[in-house]
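K.L.:
Chain residues, written in single-letter form:
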Amino acid sequence: MLNFNSPIKSEKNYDDLKIIEIEPTIKINLRGNKRQFSTKIGKILSILPPNEANTSSGNEKFNLLWLSPDEWLIYSNDKNISLEDQLNLEESLFNEISKLNQGAVTNVSDHWIMINLKGNKIYDLLSKSCPYNFNDFKKKNGSVAQTIVNHIDTILHNKGDNNINIFVRRSFSEDFWRWLNDSAKYV
Amino acid sequence: MSKNLRINKNKFIDQTARISFKFNNKKLYGYKGDTLASALLANDIHLVGRSFKYHRPRGIMTCGSEEPNAIVQISNDPSFTEPNVRATEIELYEGLEAFSQNCWPSVNFDLGGINNFLSPILPAGFYYKTFMWPASFWEKYEFFIRHSAGLGKSPTKPDQDLYDHQYAHCDVLVIGGGISGILSARLSAEKGLNTILIDDKKDLGGSTLYENNDIFKIDNENSNIWLKKQIEDLKKIRNLTIKNRTSVAAFHGYNYLLARENLTDHLSIHERKNKIRQRLWKIRAKKVVIATGAIERPLIFDNNDRPGTILSSSIKKYIDYYGVKTGENISLFTNNDSAYETAISLDKSGVKVKVIIDIRENSNSVLSKQIEKMGIKILRGYTVINTGGYKRIKSFDVKKLSNDGGSVVGEKITYKCDCLGVSGGWTPMVHLFTQSGGKLKFRNSDNVFIPDENKIPSEQISVGSSNGDFELDNVVNNTVKSIKVFLGLDKTNYEQLKIECSKEKQKRNIWLLPSDKPMFKTKPFLDFQNDSTAKDVKLALREGFKSIEHVKRYTTTGMGTDQGKLSNMHALGIIADSTGTNMGELGTTTFRPPYTPLTFGAIVGRNVGEFFDHTRRTAIHNWHVENKAEFENVGQWKRPWYFLKNGENMHQAVQRESKAARESAGILDASTLGKIDIQGIDASEFLNRVYTNAWSKLAIGKCRYGLMLNEDGMVYDDGVTTRLGENHYIMTTTTGGAASVLSKLEDYLQTEWPELNVYLTSVTDQYSTMSICGPNSKKIIKKLIPALDLSDENFPHMSFKNSIIDNVNCRIMRISFTGELSYEINVQSNFALNVWEKCMEAGKEFNITPYGTETMHLLRAEKGFIITGQDTDGTLTPSDLQMDWIIGKKKYDFIGKRSLYRSDTIRDDRKQLVGLLTDDPKEVLEEGSQLIESLEKKPIEMLGHVTSSYFSPNLNKSIALAIVKNGKKLKGKRLIVPMENENINVTITDAVFYDKDNERLNA
Amino acid sequence: MKNKYSIFSLIKNAFSGHENWQRAWRDATPKKEYDAIIIGGGGHGLATAYYLARKHKMSNIAVVEKGWIGGGNTGRNTTIIRSNYLWDASAGLYDHALKLWEGLSQELNYNIMFSQRGVMNLAHNLQDVRDLKRRTHANRLNGIDAVWLNTEDVKKFCPIINTSPNIRYPVLGGTLQKRAGTARHDAVAWGYARGADQMGVDIIQNCEVKGIKRNGDRVEGIETTKGFIKTNKIGVVAAGHSSVIANMVGMRLPLESKPLQALVSEPVKPIIDTVVMSNAVHAYVSQSDKGELVIGAGTDSYISYTQKGSHNVVEETLRAILELYPIFSRMKMLRQWGGIVDICPDASPIISKTQIKGLYFNCGWGTGGFKATPGSGDLFAHTIANDEPHKLNASFNLNRFVSGDLVDEHGAAAVAH
Amino acid sequence: MFLINCPYCGERDQSEFSCGGEAHIERPKQPTELSDDQWAEYLFMRKNIKGIQFERWNHIHGCRKWFNIVRDTSNDKIHAVYKMGERPPVK
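Residue numbers (the numbering used here), protein chains in the order written: chain S, 2 to 188; chain Z, 7 to 1009; chain E, 316 to 732; chain P, 13 to 103.
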C-alpha cells in the first residue's frame, strides 16, 4: 500500500492546550430520512443516527454525528482500522442504502482532516474567531456543532471534558493548523 | 525646571514609581498611575495643541474620552507613531514620547495662528462660498487647505503590533464600572448569571472611587469606602468577568456589542514584546445594563477656550485622584452644584478657590452650605463674559445677569486666574443606548436627553447617571430597583440602604451666555476641536440650515475626534432657543459608532499579513513548490501557473509545456475543480433540470459535458459529469464556481423541487485529480495499471473505469480538455501525492511534463473550448458561444431556458464567440483589447473584445478567441484591434484552431 | 441673482458680522398644484428640479422631501466620481455627468469642491487584469481618459500601496482615470437646492409622500403629510425608498434595498492624494480635505431600511485596507454609518418612464449614484419635460428587464462606486 | 449581526447564514407558457418591502438547510422562522 500523506502530521503543546492531528480514519457522510434508513444504519453500525439536533451517538468503534435532519457523519474512533475494513464498511452501507435508494452514502475520509484539541483553554482559543456560543456545547458530552472558525467551515465534536475533535476540509487544513497554533500563543 | 503642582499623595498614584517621558522633546517626570494629561498638569503644562481651523492655543479640558483639545501624536517612530491620542486617556509609561499636533513650527509659536486673525472671513461654510475663481484653481487652493487641515500624522511604516479578537456570550453585560455598574454587576452575578463587567479605566469605581466628601454616605460609611468594599466582594464572584481598560465601541442589534480591550498601551515598550496590543471583544449578551455615566458640560461664553479652562469635575479628579492641582489661582464658573464639590476638594488639599461665579440666583443645598462655611466667595446671578490671556488663561471678566438671563448688566469685574473651572451641568452618556436603536426623551427640568423607557429596542436597561439619575440616593436606589425588575430578583442586599447626600434644588440653564459685546465680536466656542462657535450655528440657521444634521454638517460642530461629546447639547440648545423650538421636538443627531475611535488593527484582529485570507492547497501542492511552480491565485486556491525549468522565462516555460503535452505527455493537477457527489432516484431528472442538455440517456460508466445557466439564460458554469451508477453521478464544476454551484443546486432542490429525491455531497477535497494528456498518455496509464484494458472498445472517450493503482482505488476518466488523448485519475487525496509521483515515474521515459493553468488555457484555446469567467462574462447565452448543440431544445424546461427566448436573447446579431487570427502570426493580441471595423466613423463602434489570446507553439502562430457582434456570420471578416500606439489587423475565423476533426482524441 | 458667493462677498459680509447672508433656499410651503413634483430631496432629485427649471423652463415645480434635503445617500456616500464604465451606454451616461461636474461649482456659484485627484482601480488576479484592460480599452475608444498602469506605475502613483509580490493577492496592475475624483457631498445638495430655489422651485422639507393619486392610467397628484398636492408629472427619485413609492401605485420594481456602509478615520495630514479602489480584495479609500480617510465598505446581502449594516462587512473591508495599506493599522475609525442603496439586477440604474402616464422613475443607482448626480438630474429632467428619454438614458429603461437587453456592469462594479 | 434561530440547529450568529431574498416567489411550473412580461416579473420584480418581509435564508455554514424568516426590514427584528414548505406563522 502506498503511504498516505496528510497535510499536517503534527502535535503541539501549549499551556493548558494540546493540538494534534489525528491520523486519517474512515469518515462517511450519510444522507437519508426514512425510518428504514435509520434501521439499516443501526444494523450495520450497531448505533442509530441521532435525531436530536447538535448531538451524536456512538460506541467504541464509531461516532455518528447529526449534521442536519437528513445528514450524518460517521467517523471511526479506531486509528488502526484496516483499509479493508474501511472499504467493507463503506461498501455495505452503500449497498444497503444508496443502491436501494434509501439515501446516500459518500466516503469523505479524505475530505475532512480531524484535529483534536485538549485542555482548559480550548474554548478560549476557538472563541477567538468562532461566533458559536459554546456555553451549552461544552457541558454536554457528544455535542456537535457545525460552524465557522476563523472563516473556515468546521464540524466540532465534544469528546468529553475540554476535549474536542474538529473537522476541517483538507484544502484548508494547513492554514487552519497555522491559525490554531498562532492563536494558541495568545490565549 | 518647571513647577511641580503635585501636592497630594494618595493611593491611586504610586509616587515611588517615577516615570520619565517626553513632551515636545522635553524630558519630564510623572508617576505610575498618571495619564499623560495629569503628568503634564503636574508639570504646569496646559498648552497641548492647536485647534483645527484657527490654530488657537488649546489646553487640557477634561480627564476622559470626551477631551476635544489635548490630543497628541505619540512617538515619531514611523511604524509605532499614533495620531490624535487623547492625553487624558493614555496612561503614562516609561519612555512615552508625545508631540503637539497641527502646529508649525511649534505649539508655542504656530504660524497657522494667523488664521485666528482671518477668522472674520472664515465663518462656517466659507469654503462653499469661495475658491471658485479661476475655475481650474480649486485643486491648488485645495492643496493648501488639505495641508493646513488634518490633525496628527499617519504612520508611514507597517504596524508591528498584534491585535486579536474574542467572542463572548453572557447572560448579562454591564457597561461601566461606576457605582451603578458595580451594583448591577453584583446583583446579576450573585443571582448566578454569567456576567461581564466592562470599564474603560484601569480601576473600577467611577467618580465615587475618589469621592472624599463625607457628606456622601452609604450605610454610615463614606461612599468611597463603602464602594471599595463592594468592589472587593465583587472580585470574588466566580461567574463574573471584569474587563478593565476596555471600552464598548458599538452596541448593535440583537445585543451584539463590540468592546476594545487595551492590553499594552500602558506598558513600557520592552514589556510589550510578543503581547497582543488590543483585543476586540465581540459580545453577545442576553441582557445589557448600560451604566456609562454622564459627562460634564462646559459653558458657552466669549473666549471660553483658553488653556487653563477646565471642566470643574475634571479639576476635582486631578486633585483627588492624581493629586495634581490644575493651577495656583483657580476660580470656578458654574450653573449647578458640582463646582461646589470641586471647590471643597480643592480646599481640602489646601487650594483656596478665589471665587465661584454661579449663574443661579441662589442655592441652598448641603454643598452650598459647606462652601459658605469654608468662606469661599460666591457671586450669584453672575456670568463670565470674557477671558484674557493667550496661551494660558490669565483673567476673566464677569457681569451680573439680567433677570431673564438674556443680557448682562452692571459693572464689569475682572479676576486674575490661571485656571478657570467650568460646569454647565451633566449630560447622560446615552450613545450606546441610541446606537442600539433606543429613542430618547427630553427632561425639561434639567435639560437632559434620557432613554425613553417605552422605546427600548432590546433586552437592556440604562441605570445611574446614564439614565439621568445624578444624586447618590437616586443612583443607588433606582439602580437597585430597576435591576430587580430587569433580572427578576426577589430580594437584594441593598434594600434598606441608608444614603446621605446633597440634593440640588435650584437650576438655571443658559445655553449661550450673554456678552456685553455684539455677537459677531465674540468667540463663544461650542466645538473646541473644530473651532465652531455659537455664532456659526446662528449663521447656519440664518442661511436656512435648520435641522440639527444640517447645522452639524454646515458648521462641522460635533464632527471632531470627540464626536461632539461636549458640543452637541449646546448646539441643540442654541438651535432650540434661536428657532423657538422645544428641544424634545428637535431631536438629537445620530450617535454613530464607535463610541470612542477604534483602531483599525483591532477591528481586523489577527487577519492581517499571512492570515489575511486562507490559502487552499491541493494534496500535491508541496511537489509543485519543490518543482519550481509559479502559482496563480484562483479564488482561494493556489494552482500551478507554469513550472520554470533552468533559466526559462514564463513564455518559454509555457511554450515548452504546451508542446510536450501535444507531442508526448503532460500532466496537470486538476484537483481544485469542484466535485459534487449526486445520489438519489431522481438524480437524472435533476441533471436534466440543471443542465441545458439531456441526461436521461447517459449510460452508466459514461461522462458528459454540461453547461449550466443562470435563470436569466446566461452561461454560469460548466463541467463534466459522470454517471457512476443507476442513480449515482459525480459532477465537476469550475474551481471558482464550486461553492456557489453547490449552494445554488441545494437551493433548487430544497425550495423549488422538494419532490426530487436527490442528495448532494461535496467531495472536492476528498478526491484529487491528475490529468495526463498527450499521445503517450495511454502508455503511461498502461504502465501504471497493466490490468486495465485501454482499448477504445473497452474504454472509449467520455467514459470511466474504476481501477486500482498500487492498492489504492481510483477512478479513471477518459475525458479531455486539451483535445489530446487524456486520462484523468481521481484518487483519495491522502494518496494523491504518491499516485502523482507514480505517474511521474511511469511517464519519465516519455518525458512527462507537468504543466500549469497557463498551458492548460493555451491548449484548450487551440481547441476553441471556453473557460467560463474568461470567455464569458455573465452576458452570453450558449448560442452566443456557438454552442447551440448543447441546448436540449426538446426538454420541457431547464434553469434559464425561458430566458433564451426573450426579444433580446433571440436576436441573431448578438455578440458571439469567434476565433481571431492576426495578420502577423507573431503578434499576440492583448486580452481585453477591443475590436472595431473602422477608425473613421465617430463615435467608434466597438464590436467586441478579445477574451483569450496566446502564441500557439503547436500551430506556430498567434491565436485568439473573441466575442464579436454578429460574429457567427462574419467568418473571414477583417477587423481592427486598436491599441494605444498601433492598429492590429485581424481576421475572424472559426474558434477551433487545432485538430478540427478531433482525431487526436483517439490518437 | 441674490447673494452671489465670492471672496469679496465674504469680506463684505465680514464687516457686518455675517448678519446679512440670505437663506440658501426658502422654506417653502406646498402650493395647491405644480407642473411637476419631484419626490426625493437628495442630490439627484434637487438636480432634476434644477435642470427642469434651467433647461426646460419649468419653474412651477416642487421637490418634496420626507426629512431634510441631502440627508439620505447624498450625505452618506464616499463621494467618488468617475466615468470609466465598461459599456457604451454607461460610459455615455457617467461621462456626461463627469463633464457637468467639471463646471458645476461655477454654474451653481457654490463650491462643491470637485477635486480631480484621479481614481485608480487595482487588479489582483489574472482575470482582474483582463477585465480591467478590457474596460481601459473600451474607455479609451469612448473618449474616456483611462490608462493602464503596471505594478510599478501603481506604486509610483500611490506610494503607500503595498505592492509587494508576496502579499496574498499581489497588485498586478491597475487602471487610472485622472479626471475622476471626489466632491463635497453635502455641498452638492445645498448648491442645487440654492440654484433651484433661485429659479422658483419650491423645496418642501419634512413632507412625506403617503400616496399617489391616479386617474386611470395617469397620475393626478400626491398625498403627503402636508396635504394633497395636484400635479400631472411625478418624478420619483427616492433611492432606497423607490420601491416604497412604487408599491403605492401597485408597481413592483427590479430593485432590492440593501445596507451599504462606510466609515472615516480620524483626520490626519495628507497621506493619500488619490482615490484607490480594489474590487478583488474589496477596499476603496480616499482622504477628505479635512484629513479623514474615507473608506467604503460593501453591502449586506439582505434587504434593510435601517441604515445599519452588519459589523462583519466593516471588518472585511478594513482587513482588505490593512492588506493594501499596512501603515494604516494604528489609525482609528472615527465614525461609521450606513445608507440604503437600491440595487438593480444588472448593477445599472433606471431613468425611465413607466406604464403610468406622468410617472417617472430615477432609481437603481445601487452603490454608485453620487458620481452621476448632475448627469442623472439633467437626463431625468429631459425625460420628464419631454415625456421621452434623452438618447443618453434610453438604454436605462424599465423594459430592459423584459427584453433581456441589460446593461450588465457587475464586472465594472463588483464593489461598484 | 443578527442572531438567527435556525429551525434545525437553533440560535446562531448571522455569519453562518446567507440570505436568499424575498420568499414565496415560486418558480413558474410552465415557464414556456409565460409572456416575456410575466417571466420578467418572476425573474426581476420584487416587492422590496419596508416593513414585514418574508425571506429565504440558508444556514450555509451549518446544516445547509434553507428556511424562511419573517423580518421587519424597517428595524431588522426577526418575528418568526419557519421551514421550507411550511406556512408563514404570521400574516
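The reader is advised that the hints may include incorrect statements.
[To be verified] Just so you have them, the derived chain P footprint on chain S, three or more residues with Cβ under 8 Å:
hint, segment
1, 22-35
2, 60-72
3, 125-134
The hints are simulated quantities; they were obtained by calculation from the structure and are not laboratory data.
Ideal Cβ placement from N, Cα and C applies to all residues, glycine included.
K.L.:
Among the hints numbered above, which are violated by the structure, and what are their numbers in rising order?
P.N.:
1
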